[in-house]
Amino acid sequence: MSVLIFVDQAEGQIRKASLEALSYGVALAKQIGTTANAVVLGNLAKNAADLGSYGVSKVYHGESDTFNTMDAQAYTNAIMEAVQKSNAEVIVFSHNQTGRAVAPRIAAKLKAGLVAGAVALPDTSNGFAVRKSVFSGKAFANVAITSPVKVITVNPNSFRIAETGSETAQVEKLDATADNAKVKAATVNKVQGEVPLTEAEIVVSGGRGMKGPENWGILEDLAHSLHAALACSRPVADAHWRPHHEHVGQTGIQVSPNLYIAVGISGAIQHLAGVNRSKVMVVINKDAEAPFFKAADYGVVGDLFEIVPKLTEEIKKLKGV
Amino acid sequence: MKILVCISKTPDTTSKIAFKENNTKFDEASVQWIINPYDEWYSLVRAIELKEKDASITITLVHVGGADSDPIIRKALALGGDEAVRINAQSDDTYFVAAQIAEVAKQGNYDLIFTGKETIDYNASAIGGMVAELLDLPYISLATKFELNSTTAVVTREIEGGEEVDEVALPAVVSCQKGVAEQRIPNMRGIMAARTKPLKVVEPTPIEALTKIVSYELPPAKAGVKMVPATDMAELVRLLHEEARVI
Ligand SMILES: Cc1cc2nc3c(=O)[nH]c(=O)nc-3n(C[C@H](O)[C@H](O)[C@H](O)COP(=O)(O)OP(=O)(O)OC[C@H]3O[C@@H](n4cnc5c(N)ncnc54)[C@H](O)[C@@H]3O)c2cc1C
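Protein chains in written order, with the UniProt record's numbering: chain H, 1 to 321; chain W, 1 to 247.
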């Protein structure tokens, strides 16, 4: 009996969302009085044993470079090897792109109940109930998993990363490879040098009130001062002012940062569906009646072209730059 | 070529979300039901576009739900599905739903199975992966472009911090999102034709649900927005730093 956490890597780096899942799994193991182990696939920039500093006893490592791109079937086979070797009872993933592709396969293979998008540790006082966000952020559900083996994916930005010490974990190599993967990656394009939107702790978002793509410099400066990712409303992406991968909302990306700053966005319900899981929302809009103010924590009524540069200036002062 | 498109029924985005029976049940009164937008706008429309290029393609819709789902199934047929199978069962357990779909898929020998990226009610993003595993098929999640070659598909999909172009041998399961196709509205001819298209109702295979929703909660009401004068950004920064502690 143990908890196994799948730790995703991208170009050898372990991403924040996976470290959150790792800390979630370690905390869960402690709660139910068992050990936590991790499974990692592909080449790592750091030593796999270093994951011990997050509280895992063992790291199962599938080292083959064939794992450097993700084929859901090949990943499933490798993770299954670690599930069997560690006799895992709960398997934890991040609800990131890889988790969403692989966790359901593992759940189906093990006939394990799946809660996808957990926002808190399970309540194990009477059974095993996991809280997750439903109705695109409009409510929460407490979902009981009734099967003996359980699979959980953890929503990004829902759980704090905790380094527990400087122990090293024992590393055990996996035999699995992705040599027979049926999905072949032809090209991989990474958006360079930017904070990935779904992982960002702070998101700065612009709407039609920005008037045109040439005005985005002030938002880029604001985002830069906060180490934030940029997002936009749908009409902005549709008009090609900004790339589609920045479009948030019901039809775009769903984000759940600690801070969402909406600039010149009216706050239509379809936009809110993608952002209302944010912990704190700041709305800057010249129209005091804009619906977004109803969902906001802090609001500023006025001309964004005057307000945004001043806000950036004050943030720089706070950060001492 | 045969394409199976999974269709889910969800409350319209603008519906009021409320619960009843001591917060244990979703209150369906006054809810307007729609086809899950990711299923309708992206996977179904892409299947229709493929059929428009190659008339030998047939599109089968599959839905797990009660008779009250028939209107949204008819709408999907009006958009361009050829036939539909409704599995007569209701469940919010993803494994139960996926296993039912997998049973239908096994009988039909489909070359391609499409799902939407997630449903807008339970947001699990899990049906495609489970169906793929139950059928031992490759799965490409979060597709933003989809093209068919003769025996393979070329799919662009979202990965962490970017995108990747993949080639996959068919049969395969693909979950679709924005970029794969553009929303369409059914026309009069489609609506008329849909009335006579086959909608087969089958009883579910006995499968045990592995999860159960115990209760729902609405998020705590916001304390209300705190307004900061446009001339005092120092105050906003102070509030974000000291009160909200987010910067
Ligand atoms: C089925 C469906 C799905 C949809 N999906 C999405 C989605 O995923 N994401 C999404 O964003 N939208 C979506 N929409 C569109 C949505 O309904 C809104 O139309 C859209 O969000 C509006 O974008 P906006 O706020 O940028 O523009 P607008 O509504 O035009 O708002 C612009 C705002 O900027 C303010 N403004 C203007 N000038 C200034 C200034 N100088 N200073 C300060 N403020 C200023 C205005 O007061 C106004 O509030 C969807 C719609 C439908 C029907």
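Some hints could be false.
[Unchecked claim] List time: in silico SDA-like cross-link candidates among lysine to any residue, alpha-carbon distance up to 25 Å:
| id | chain 1 | residue 1 | chain 2 | residue 2 |
| --- | --- | --- | --- | --- |
| 1 | H | K184 | W | T151 |
| 2 | H | K109 | W | G224 |
| 3 | H | K111 | W | I207 |
| 4 | H | K173 | H | A139 |
| 5 | H | K316 | W | A244 |
| 6 | H | K184 | W | V165 |
| 7 | W | K9 | W | L218 |
| 8 | H | K294 | W | K145 |
| 9 | W | K51 | W | G190 |
| 10 | W | K145 | H | A186 |
| 11 | H | K310 | H | I253 |
| 12 | H | K184 | W | K200 |
| 13 | H | K16 | H | A268 |
| 14 | H | K279 | H | A139 |
| 15 | W | K106 | W | E164 |
| 16 | W | K197 | W | I207 |
| 17 | H | K294 | W | A223 |
| 18 | W | K9 | H | K294 |
| 19 | W | K53 | W | A169 |
| 20 | H | K109 | W | D12 |
| 21 | H | K310 | W | G66 |
| 22 | W | K53 | W | T205 |
| 23 | W | K9 | W | P206 |
| 24 | H | K30 | H | A139 |
| 25 | H | K111 | W | Q90 |
| 26 | W | K200 | W | M1 |
| 27 | H | K310 | H | E201 |
| 28 | W | K222 | H | A120 |
| 29 | H | K109 | W | I17 |
| 30 | W | K75 | W | I17 |
[Unchecked claim] Here chain W is said to cover these stretches of chain H; the calculated rule only asks that three of the stretch's residues, wherever they fall, bring their Cβ under 8 Å from a Cβ of chain W:
| id | segment |
| --- | --- |
| 31 | 39 to 48 |
| 32 | 54 to 63 |
| 33 | 66 to 77 |
Since the hints were made in silico from the structure, they are not lab data.
Glycine included, every Cβ here is placed at the ideal spot set by N, Cα and C.
Verification of the hints:
Pair hint K184/H plus T151/W holds up; C-alpha atoms about 14 Å apart against a cutoff of 25 Å. Annotation: proposed proximity of K109/H to G224/W is violated, straight-line Cα distance about 46 Å (limit 25 Å). Distance restraint check for K111/H and I207/W: the Cα-Cα separation of roughly 11 Å lies within the 25 Å cut-off, and the hinted pair is therefore satisfied. For the suggested pair K173/H and A139/H, the alpha carbons sit about 42 Å apart, so the restraint of at most 25 Å is broken.
With a CA separation close to 18 Å, the supplied pair K316/H and A244/W stays within the 25 Å bound. Distance check on the hinted pair: K184/H and V165/W sit about 8 Å apart at the alpha-carbon level, within 25 Å; holds. Distance check on the hinted pair: K9/W and L218/W sit about 21 Å apart at the alpha-carbon level, within 25 Å; holds. Using a Cα cut-off of 25 Å, the hinted pair K294/H and K145/W is violated, with the two alpha carbons roughly 36 Å apart.
The suggested pairing of K51/W with G190/W holds, with an alpha-carbon distance near 15 Å, which does not exceed 25 Å. Between K145/W and A186/H the CA atoms are separated by roughly 14 Å; this keeps the pair inside 25 Å, and the hint holds. Of the supplied pair hints, the one linking K310/H and I253/H is violated, its CA atoms being roughly 29 Å apart against a limit of 25 Å. Pair hint K184/H plus K200/W does not hold up; C-alpha atoms about 37 Å apart against a cutoff of 25 Å.
Annotation: proposed proximity of K16/H to A268/H is violated, straight-line Cα distance about 30 Å (limit 25 Å). Taking the CA atoms of K279/H and A139/H, the gap is near 14 Å; set against the 25 Å cutoff, the hint holds. Pair hint K106/W plus E164/W does not hold up; C-alpha atoms about 29 Å apart against a cutoff of 25 Å. As the CA atoms of K197/W and I207/W are separated by approximately 29 Å, the hinted pair breaks the 25 Å bound.
A hinted pair counts as satisfied when its Cα atoms are at most 25 Å apart, and K294/H with A223/W qualifies at roughly 10 Å. Of the supplied pair hints, the one linking K9/W and K294/H is violated, its CA atoms being roughly 29 Å apart against a limit of 25 Å. Taking the CA atoms of K53/W and A169/W, the gap is near 20 Å; set against the 25 Å cutoff, the hint holds. Using a Cα cut-off of 25 Å, the hinted pair K109/H and D12/W is violated, with the two alpha carbons roughly 33 Å apart.
Proximity of K310/H to G66/W is assessed by CA-CA distance (about 56 Å); at most 25 Å being required, the pair is judged violated. A distance of roughly 35 Å separates the Cα atoms of K53/W and T205/W; the hinted pair therefore is violated under the 25 Å criterion. Distance restraint check for K9/W and P206/W: the Cα-Cα separation of roughly 22 Å lies within the 25 Å cut-off, and the hinted pair is therefore satisfied. Annotation: proposed proximity of K30/H to A139/H is violated, straight-line Cα distance about 28 Å (limit 25 Å).
Our distance criterion of 25 Å between C-alpha atoms is met by K111/H and Q90/W, whose separation comes to about 19 Å. Taking the CA atoms of K200/W and M1/W, the gap is near 20 Å; set against the 25 Å cutoff, the hint holds. Taking the CA atoms of K310/H and E201/H, the gap is about 22 Å. The hint holds against a cut of 25 Å. About 20 Å separates the Cα atoms of K222/W and A120/H, which keeps this hinted pair within 25 Å; it holds.
Taken as a hint, the K109/H and I17/W pair is broken in the structure, with Cα atoms around 34 Å apart against an allowance of 25 Å. This hinted pair checks out: K75/W and I17/W have alpha carbons roughly 24 Å apart, not beyond 25 Å. Counting residues of the segment 39 to 48 of chain H whose CB lies closer than 8 Å to any CB of chain W gives 0, which falls below the minimum of 3, so the coverage claim is violated. Only residues whose beta carbon comes within less than 8 Å of a beta carbon in chain W count, and the segment 54 to 63 of chain H has 0; fewer than three means the coverage is violated.
A stretch counts as covered by a chain when three or more of its residues have a beta carbon under 8 Å from one of that chain; for the segment 66 to 77 of chain H and chain W the count is 6, and the coverage holds.
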